[in-house]
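Please build the complete structure, drawing on both the sequences and the hints.
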Amino acid sequence: MRVAIIIPARLHSTRLPGKLLLPAAGLPLICHTLLAAENLRCLAPEIFTPPIVATDAPEIAQVVRDFSRERHLSSQAVLTRSNHLSGSDRIAEAAEALPPEIDHVLNLQGDEPEIDPASLLPLLECLAKGKADLATLAYPLPASEATDPNLVKVVVDRALRALYFSRANLPYRRSTNLNPPAYGHVGVYLYRRPALERF
Numbered sequence: 512m513r514v515a516i517i518i519p520a521r522l523h524s525t526r527l528p529g530k531l532l533l534p535a536a537g538l539p540l541i542c543h544t545l546l547a548a549e550n551l552r553c554l555a556p557e558i559f560t561p562p563i564v565a566t567d568a569p570e571i572a573q574v575v576r577d578f579s580r581e582r583h584l585s586s587q588a589v590l591t592r593s594n595h596l597s598g599s600d601r602i603a604e605a606a607e608a609l610p611p612e613i614d615h616v617l618n619l620q621g622d623e624p625e626i627d628p629a630s631l632l633p634l635l636e637c638l639a640k641g642k643a644d645l646a647t648l649a650y651p652l653p654a655s656e657a658t659d660p661n662l663v664k665v666v667v668d669r670a671l672r673a674l675y676f677s678r679a680n681l682p683y684r685r686s687t688n689l690n691p692p693a694y695g696h697v698g699v700y701l702y703r704r705p706a707l708e709r710f
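Read in order, the letters of the sequence shown correspond to residues 512 to 710 in the working numbering.
Heads up, a few of these hints could be off.
Between beta-carbon pairs, the in silico distance windows are [said to hold, decoys possible]:
hint, residue 1, residue 2, range
1, Ser585, Phe676, 29 to 35 angstroms
2, Leu674, Lys640, 19 to 25 angstroms
3, Pro556, Leu662, 28 to 34 angstroms
4, Lys642, Gln573, 40 to 46 angstroms
5, Ser677, Pro705, 40 to 46 angstroms
6, Asn550, Arg513, 14 to 20 angstroms
7, Thr658, Pro561, 22 to 28 angstroms
8, Arg526, Pro611, 23 to 29 angstroms
Honestly, the hints are just simulated from the structure, not real lab data.
Built from N, CA and C at the ideal position, the CB exists for glycine as well.
Given below as structure tokens:
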């Protein structure tokens, strides 16, 4: 298995425009996410290729290139079209240039700087042993987060297959026996490459 790490990075976020360039602990947010991706690559360099930031913004591309050069990182930035509807569309465009031996693509959201690289390794196991074409991460949703519109929620079935995702409040739970469990969603997806191409 060979996995390309691609970080979709759109400048004009709907809820917080320019957020990926906002400073956090002395660095633009995108740089923290890039460091998490580099740490993931270090955990399994035989599996993961150097991270790629796929962006529609020359400003983000330049920040990534400068940061990679200053820190001697192997990551790179590629410019994509600006009219993509989702991060997965953006990474699919960037993935078109990947060599054929790359058989999986990891979509790591640009605004996930605190992701624990080790938490991503189970995604590999999930696709290696299962029949799924894509896997994502979620965690049991605390009641205190159930109404947060900034948090994406996911409802799953008993086999932990996603039924739907929503930022809105989830439907009222009358009984835990009648309603599927809800989880908080983590912005990461691992695709088999043909599945990403079909998408």
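Hints, verified against the model:
1. Between Ser585 and Phe676 the beta carbon distance is about 32 angstroms. The supplied range of 29 to 35 angstroms therefore holds.
2. Here the CB-CB span from Leu674 to Lys640 is close to 22 angstroms, well matched to the stated 19 to 25 angstroms.
3. Look at Pro556 against Leu662: about 33 angstroms separates their beta carbons, and that is inside 28 to 34 angstroms.
4. Checked against the given bound of 40 to 46 angstroms, the beta carbons of Lys642 and Gln573, roughly 42 angstroms apart, stay inside it.
5. Restraint check, Ser677 to Pro705: a C-beta distance of roughly 28 angstroms breaks the suggested window 40 to 46 angstroms.
6. A C-beta distance of roughly 18 angstroms is found between Asn550 and Arg513, which places it inside the suggested range of 14 to 20 angstroms.
7. Against the hinted window of 22 to 28 angstroms, the Cβ-Cβ separation of Thr658 and Pro561 comes to about 40 angstroms, which falls outside the hint.
8. The hinted window of 23 to 29 angstroms between Arg526 and Pro611 is violated, with their beta carbons roughly 37 angstroms apart.
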